[in-house]
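**Q** For chain S, the structure is supplied; the task is to place chains P and X on it using the hints.
Chains as they are written, first to last, in our numbering: chain S, 77 to 371; chain P, 12 to 470; chain X, 166 to 449.
There could be a bad hint or two in this list.
Taking lysine to any residue pairs in the SDA-like style, the calculated list, with each CA pair at most 20 Å apart, reads [said to hold, decoys possible]:
id: 1; chain 1: P; residue 1: Lys140; chain 2: P; residue 2: Gly118
id: 2; chain 1: P; residue 1: Lys452; chain 2: S; residue 2: Asp142
id: 3; chain 1: S; residue 1: Lys83; chain 2: X; residue 2: Gly269
Everything labelled a hint here was simulated from the structure, so no lab data went into it.
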Amino acid sequence: MGASIYKNKKPAIIFLIPAFLFMIVYLYYPFLQNIWNSFQNIRQLGSSGEGFLNPWYSNYVEMFHDEVVWISLKNTLIMMLVTLVGQVGIAIVLALMVDNITHGKHFFKTVYFFPIVISATALGLLFNLIFLYDKGMLNQILEKLGKVGLTDWKGEGIALFTMMLPVMWQYVGFYFVILITGLNNISDELYEAARIDGASTFQKVRYISIPLLHNVICTCSVLAVTGALKVFDLPWTMFPKGMPLKSTFLTGTYMYYHTMETKNVDYGSALAVLIVVLGIVLAKVVNAIFKEKDY
Amino acid sequence: MKRFIAAMLAGTMIFSLAACGSQPSDGGVETTGTKTESTTSSEGTTATAKPVELNVTTTFAGEDGNAQNFKNAVKAWCDETGNTVADTSATSDETFKTRVTTDFETGSEPDVLFFFNGADANSFIKADKVVSIDEIRAEYPDYASNMNDNLIADSLVDGKKYAVPVNGFWEAMFVNKEVLDAAGVEVPGADYTMDMFKEDCQKIKDAGYTPIAAALGNIPHYWWEYAIFNHDTPENHVQVPAGIEDAASWVDGMLDIKELYELGYFPDNTLSATDDETFAMFVDSKAAFLIDGSWKVGGIVNACQSDPEDASTLDADKLANFTVTYVPGNGDRKATDLIGGLSMGYYITRKAWEDPNKRAAAVDFVSYMTSDELVPVFAQHTASALKNAPAVDESQFNALQIEAMDMMSGVTSLTGAVQDIFMGDCRVTTFDGMPEIVTGKLDAAEAVEEGLKLYHAQQ
Amino acid sequence: MKKKISVGSILVYFFLSIWAFTTIYPIIWVIQNSFKAKDKILADSFSLPVGDLFTTANYRKAFGNLNIFGAYRNSVFISMMVSLLVILLAGMAAYALARYCFRGSNFLYSMVVSAMMFPVFATIIPVFSMETSLGIVNTSSWWLTMLSVILPQVAGNLAFSIVVLSGYMKSLPLELEEAAYMEGCNAFQIYFKVIMPLTKPSFATVAIFAFLWSYNDLFTQMFFLRRPEMRTITRLLNELTSQEGTNYGLMAAAVTLVVVPVVIVYIFLQKYIIKGMTAGAVKG
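For reference, chain S alone in the conformation it holds in the complex (with noise of 0.2 Å):
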């Protein structure tokens, strides 16, 4: 960034105070409440300290031994790589394809992105209705084709699949909307060059439009590492409580569960804190890999 017009970082203060100081009163300030109280006994949310937990680092150290911890963390690392070769790959497929085409662009603009509109509760009750064990539409489709017995869609060993399925599928449509924006900036200049050169659609691709969505494939992988370490609503309809047998808990499912459920809230705000702290890290890690990549 040779340019000098950025050199006088004044400006820089007026643009970012507003914002930031928004974001200070109304997330650091409570968040920092938010450490504070994993420190804290809190039985109930809402209600005050019960004074300091002894020692007060307890609910740090039991998130250690706590097996469940474990799992969630297992499962939502999964849930990246889904969320990352799945939904970004998937709506960079997408994006491209719909960028391609001449006839009904805007129809599937317009239609991808329906999943996004509708409640999670309204989604998790139709994906209810297909995994349903007697007898939802996959396990009458099976039955059909003669297969004997119903499948526990929800059941152990395949509730993860059934899980990360739905959500997967809702936010494709999300990433789409992020990366078709960021094509609709290549000029269309740049890929009628290209044609005039003899280039072909690959080409065009390969050599135009994922070099210069690069920024933005940086935003979405930035977007979706962290957003599969809080996703939240749609598991919970679809699997309340980790069923079964808390093999199903996310990070984001497992804070609520203790915030809300179980009323250990000083618990859930220490696994609060543990999310922002691996969403961070995260974060960088996305970011320094797509930094050594300059295209």
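**A** Chains P and X alone, transformed into the frame defined by chain S:
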């Protein structure tokens, strides 16, 4: 406790009009609501005071069967007194409870609150943010005088009474008769025992049906309560054991559920199903027994109506498949000893009490809402704490409601649920841990011990 | 760009259509089930609501004693204000983060990313107490109540918006800004005259998401919107369907009432955005 039960049964089973509250046009409220002499304490308080706005928060909202009754009653009260009510009621769920707690913490609590009287109320009672009934009576001697004091729950914090109750609940066993017929099993009666129950379950299972509709991985609460109750007596059930040495009934209860699970009497997917799914199995005649609360009467009736709004679309033949009966007993607990009682009531907050403008209005509002005329409208086929209950007109009820009343008339005791005291993270090991217990991944005694430890650490 | 119909493009259309089907069908599914009685949904959720299956009971109930239009007004007002404030504040911050390189800019970016992670369950109570002490919570004033929801929702959407906007701004070519600078524009003029128009598509995306999240954010609304006349549509319909959660028909009707207006607005907005977008803005 004996006195409690006797009083409860002596004249307090109130059955009123209003078929399950699903007919908002029911005239019950309007006719009673306009009576000015409905409360003795209202005299002299409303006429002189200038109109005030009361902030009222209740759980009579949304799909609650009494939401419309409450609206009507509030309107009638406002018309009568000239006061206004800012009704901030919401459906009772975890967010609502959090909101109420937060309100008290931050000083934005309502003037009158209809809320739980168990452990949920501890935080604001401890902080002295609500006024006890005795304190109110010091100034308004007739406050809640139409209630039987023995039936008003004591606070878990200080043993005082705060909340004036309206409608109660019971938990019993619903039965799908179609499944029972197919399996050649009789509808259980008052002398039903756990052994007979197991025998019947085996028959039902052999006939190709699921004996018990329950989602142990989602809502094990009803089985949890009764399994423990089956090793307790009505006298000692509502006490949390001091330690694992005293908790034989709890451990045995958990082991009973484990046994039923191992015998295959729960649905195949009981660990991964939601409560809605297993309830659907019951309604669709795939499962025979369902232990649930009095509110499920409405749920089953609704499931038999093609238009949930319109009682005339009720499929009477389908409804005739269902009945409600006692819960299989064991040892000192007879099948007719049920869980139930009055778990909620009206609180007056200290904020309203100390506001000279609002004090009289708040007292009058609660007295009005808990009057002899209004309580039966809300209580329907559940219990209430009235001293003098009016007679019941049976023609207003559907078949299942009448069977519920018959069932209730044979009840020998109603005991509170110990899980209403046993709240918070102490529940985790035995409620959310139920799948681990029944599959043997977690030892029942260990789970109980862990839960009790957490419970006593909180006290 | 004229193209011959190749096998490749047929395949492309095929894949796009399959995905489109998976996104359209759920909406159709929800709408068709909103016309069925709740006991029929579990048994027959994938068939059309014709004949005996058809009922308007769910809608009669929803419209019966609820002030749906007032709720739409509240929802739209809140969500519009949230969108507007978010693009205003986030745009400026994103610009500074994308273009200025100074000590601590990485730190500020990390602050934004971590703000994105703060679970609302962890922050709501302090926010509530804070707003209570400001005296804007639980009053009878409509404006104050709306404000009490708008402010936390703006904060909640800022971080995400800054990340998306700054990602987009980074990929804008510098030439235009340099040209403007040569002509004597200062940083503010550059932002409002050059950057903002160029970032319009991304602003639109962010505004849509902020609008949607605010519109669907039940948890915050549960806390701050108590009085019946101040409820939003999401809040209102949740109240209608939350009990026991088994009235699927009513739930489907509620979802339809919440979703369909948004979809319609989105379709119109989409057209507008595309029209307003200047593909050749970088003509320099």
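**Q** Give a verdict on every hint.
**A** Verification of the supplied hints:
Among the hinted pairs, Lys140 of chain P with Gly118 of chain P is consistent with the structure: their alpha-carbon atoms are about 9 Å apart, no more than 20 Å. With a CA separation close to 16 Å, the supplied pair Lys452 of chain P and Asp142 of chain S stays within the 20 Å bound. At most 20 Å may separate the alpha-carbon atoms for a hinted pair to count; Lys83 of chain S and Gly269 of chain X meet this at roughly 15 Å.
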